[in-house]
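Peer 1: So you can see what is in the structure, the chains are spelled out below.
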Amino acid sequence: MATKGKVVGIIANLVIVEADGPVSQNEICFIKMPGVDLMAEVIKIIGKKAYTQVFESTRGLKVGTNVEFMSHMLEVTLGPGILSRNYDGLQNDLDKMDGVFLKRGDYTAPLNEDAEWEFTPMAQAGDKVEAGSWLGEVLEGWMPHKIMVPFKFEGNYTVKSVVAKGTYKTKDVIGVVTDEKGNDIEVTMMQKWPVKVPIKAYRDKPRPFKIMETGVRTMDTLNPLAEGGTGFVPGPFGAGKTVLQHAVSQQADADMIIVTACGERANEVVEIFTEFPELDDPRTGRKLMERTTIICNTSNMPVAAREASVYTGMTIAEYYRAMGLKILLLADSTSRWAQALREMSNRMEELPGPDAFPMDLPAIISNFYARAGFVYLNQLKKDSKEPESGSITFLGTVSPAGGNLKEPVTESTKKAARCFYALNQDRADSKRYPAIDPIDSYSKYLEYPEIQEYLKKTISEDWVDNVTKVKDYLLRGKEASEQINILGDDGVPIDYHLRYWKAEVIDFVILQQDAFDDIDKSTSFARQKFMLDQVLAVYNTEFKFDSFEEVNPYFKGIINTFKQMNYAEYESDKFKEYLKEIETKINERKAV
Amino acid sequence: METTAFQKIYTKITQITKATCSLKASGIGYEEIATVNGRLAQVVKIQGDDVTLQIFSGTEGIPTNAEVVFMGKAPSLKVGEELAGRFFNAYGEPIDGGPAVEGKEVEIGGPSVNPVRRKQPSDLIPTGIAGIDLNNTLVTGQKIPFFADPDQPFNQVMAEVALRAKADKIILGGMGLSNDDYLFFKNIFDNAGALDRIISFINTTEDPPVERLLVPDMALTTAEYFAHEKNEKVLVLLTDMTLYADALSIVSNRMDQIPSKDSMPGSLYSDLAKLYEKAVQFPDGGSITIIAVTTLSGGDITHAIPDNTGYITEGQLFLRRDTDISKVIIDPFRSLSRLKQLVIGKQTREDHPQVMNAAIRIFADAANAKTKLENGFDLNDYDERTLKFAKGYSNDLLAIDVNVDIDTMLDTGWRLFGEYFEKAEVGIKDELVEKYWPKK
Ligand SMILES: Nc1ncnc2c1ncn2[C@@H]1O[C@H](COP(=O)(O)OP(=O)(O)OP(=O)(O)O)[C@@H](O)[C@H]1O
Ligand SMILES: [Mg+2]
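Taken in sequence, the protein lines are chains A and B. Position 95, counted from 1, in the first sequence is what our numbering calls 95; the numbers after and before it change by one each time, with no gaps. Position 50, counted from 1, in the second sequence is what our numbering calls 1050; the numbers after and before it change by one each time, with no gaps.
Misleading hints may appear alongside valid ones.
As the list claims (entries may be wrong) - Okay, the calculated beta carbon distance ranges per label pair: (1) E550(A) to N1187(B): 36 to 44 Å; (2) I586(A) to P1150(B): 53 to 61 Å; (3) E278(A) to D1151(B): 42 to 50 Å; (4) N1187(B) to N485(A): 27 to 35 Å; (5) K521(A) to K1423(B): 46 to 54 Å.
Unchecked claim - Here are the simulated lysine to aspartate or glutamate pairs, EDC-like style, with alpha carbons at most 20 Å apart: (6) K1370(B) to E275(A); (7) K1008(B) to E1060(B); (8) K556(A) to D1430(B); (9) K406(A) to D1430(B).
Treat the hints as calculated values from the structure; they're not laboratory data. Here a beta-carbon is modelled for each residue, glycine too, at the ideal position from N, C-alpha and C.
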């Protein structure tokens, strides 16, 4: 008998329900208003009273309304048909809803149950399998989508049968597995999983050892994000978090991108809806939408569903990772999720932590970031003892109140994420985009010996050393500029001006990148290496100047030519012309 | 609001605070409205049969035996073509002496637009003001506030923008508006012969502050009617949203909620986002554009109100007095229109993005030069030229009294580059420099 209850209290979207039977923490229930059912999640239980957060507006709700508990937590539905969909934070398919306005209690199916999928078996009778083992695959668009033993299956199983190659629907039985006690269990192409529980159907999770190419120079060159790694982008409003995420979502070297719009602007998601079906994926030539799934819970959508949205995104990422894919998960902005937690915690009159956020915020954030990672799967490669692998790389944004990084969400995230891309207001103000501060930002991955090895092998032997040098040069440039500001242009040796301007060359040519220029917006690693070499060549040149007044116009000229180069197709005739021009300019001023 | 026969009247109030009162009642819906001795109130909390009401005009003088009548519905407004040209208070009652409006009754603060049904904003709104059109181009369906200190002429600029924007309807939501400003808006719209396109919901400084909380929802519900049902281009002006947020904090403090930064409620972001996100481009051509005012205190944009606003809106227009030219300018550093990318260089001339960025970069160099000067250092030749450029740029482009078309703004930009700089110094793509650099 399912537990039932009655509403006894309402404070905004916190609804208190008196239950007539057992209730579990995080259980889902439906509040049966006349004509609409409102979905809610239990977040606290005291005696018979279940405190629930409702995923909808509670306008018009009355005390005494019936409630039905569902005996399961908030779940997503996993199966073929998730790719390229636009979901809300609770995985309702937004395209399936009628009308221009969202209707309260309008829950739509995440998968299309009538769709037919061309299934090819991969396992056969007698195979030993466990949760996450691949039984077969269907083609989801271009993507080989693995049909797996459901993650909820604990222990070891033996395949009893798998259906023959053919067309099936998501709810059709495609195989039968037998558990250790001899029970036969049917498997379909569809399964459910509670979003707040990590999917652990993998063998192990090594430290990341590869780089995820994003095409954004100041990230890739200076502070690379590892495949399976985590990073975050804090920055005041308007500093460029969303533009950066969109750039990464278009260019990153991943099989699938999951974009979670968490409590941000609807127009920003509309931009993706509008542009991704048209834009080409530079690596495959397919449309970007073909590798993207969007979870969209914008700021005007229900607050509790906002909190759910990041978990929905992560669970879908884990599902696809288990198929051996390279997933990039983006969330903009994780601060909105933290604020959703704060709103609820305040309504429940919990003892507040710093800035009125819940006390356990750091733990919630680090548990979430811990779900990313590179994993070796239980599944072995075909005819091999090597395990298959998959990864989730996670990049979140943080919107610190007042742009001050000493606030709970930024501080908690800093402990959890390995890359820190701090957006700097001054850089944004002077339009030095992307405004990632080259000195404060870091990638811990650069310190990993396995990553250093990887960079040396895939880019060049001297790459890591060069990157370290560049960082030093930037710092020296900053120091020189401070000195010049304190002592005046003619109060310092010319050398200071040179140091400052050489660092400006690095800034303008490597760090700054026009996200809206067709060519400049994405730079391959090969090109990044080439440009870094050119810039270092300038840096290492001994120049001769008679007065500091000559330094500024000279370097402005160099920077200008380099910028033209950035706007030109790599290795094109124009590109080479500009390169020549730079050589000539260097020779003009070279000290002999 | 009249009482109908079957409504039950309660007369036993159990608790009264500055903004709320509580009583025992049953069968009450959340967010339902009621009257307490004739004052409008709304249900904000129900616990068993204890119902807490927020009284918009305050609880001064409310006795424990006040008459409480529940209306069985959320706050609503009657919408129809007849709204055009009318002035209302925060409750949607006429204040212009005209008759009550007949029309379809809709609840205010209704549902949001399904994001997949939105269209990408794409129509440029020309204003003639270069600080806006050149550097911070506006687009229909956008939401953007003026950030300004209280002594700056934000209402004037906003009214100017509204009149030049060629909107089908202009809806003014005035919160804590001084009587003078109210009359200013009335006059300027009247003089422009635009009164029949204007609908106003006004809460003045003389009205109780908590009443303001209804104003944006009234204005936006009206906007939705004209934009969605009549496919019109609607411009909503909300001034001053800082006073709206102050009213939110009054209510939450009086309800003993734990305040977060700057004694604002923890839900400030969501509360403001719900309003601003009503800005939309509908699929059938109608649109809602929101231009708001957020007054600052001493230019501080890190205060919770401007800070949360900045995180929600699609940019902000920052007004600042430029003492070099003795005029108010639209500050190119702190101002931003995030939707400009959708139109600049596409609906405007190809050189627009690069001219815009190059000029702002030089303006930043000029600011550095100024700092140098203040610190007692000599300026080099480049510094001197940036300062001259900055003066021209400020006067001919950034000042709010500029009124020209966008091509002229771009030409002015090139003229200023040509006057003070070499081609290589402006850092613009060669092909554009070749095409537009002024011939000597
Ligand atoms: N790489 C870039 N190239 C050019 N312009 C940029 C770049 N990054 C940001 N901008 C400019 O800055 C504006 C704001 O950027 P964005 O929307 O990404 O800010 P944000 O940090 O996400 O702000 P919020 O926290 O309010 O969402 C953009 O609309 C664009 O005009
Ligand atoms: Mg953003």
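Peer 1: Would you mind marking each hint as holding or not holding in the structure?
Peer 2: Comparing the hints with the structure gives:
no. : hint                            : in the structure
1   : E550(A) to N1187(B): 36 to 44 Å : violated (59 Å)
2   : I586(A) to P1150(B): 53 to 61 Å : holds (55 Å)
3   : E278(A) to D1151(B): 42 to 50 Å : holds (47 Å)
4   : N1187(B) to N485(A): 27 to 35 Å : violated (50 Å)
5   : K521(A) to K1423(B): 46 to 54 Å : violated (25 Å)
6   : K1370(B) to E275(A)             : violated (43 Å)
7   : K1008(B) to E1060(B)            : violated (24 Å)
8   : K556(A) to D1430(B)             : holds (14 Å)
9   : K406(A) to D1430(B)             : violated (43 Å)
In summary, the structure is inconsistent with hints 1, 4, 5, 6, 7, 9 from the numbered list given earlier, while agreeing with the others.
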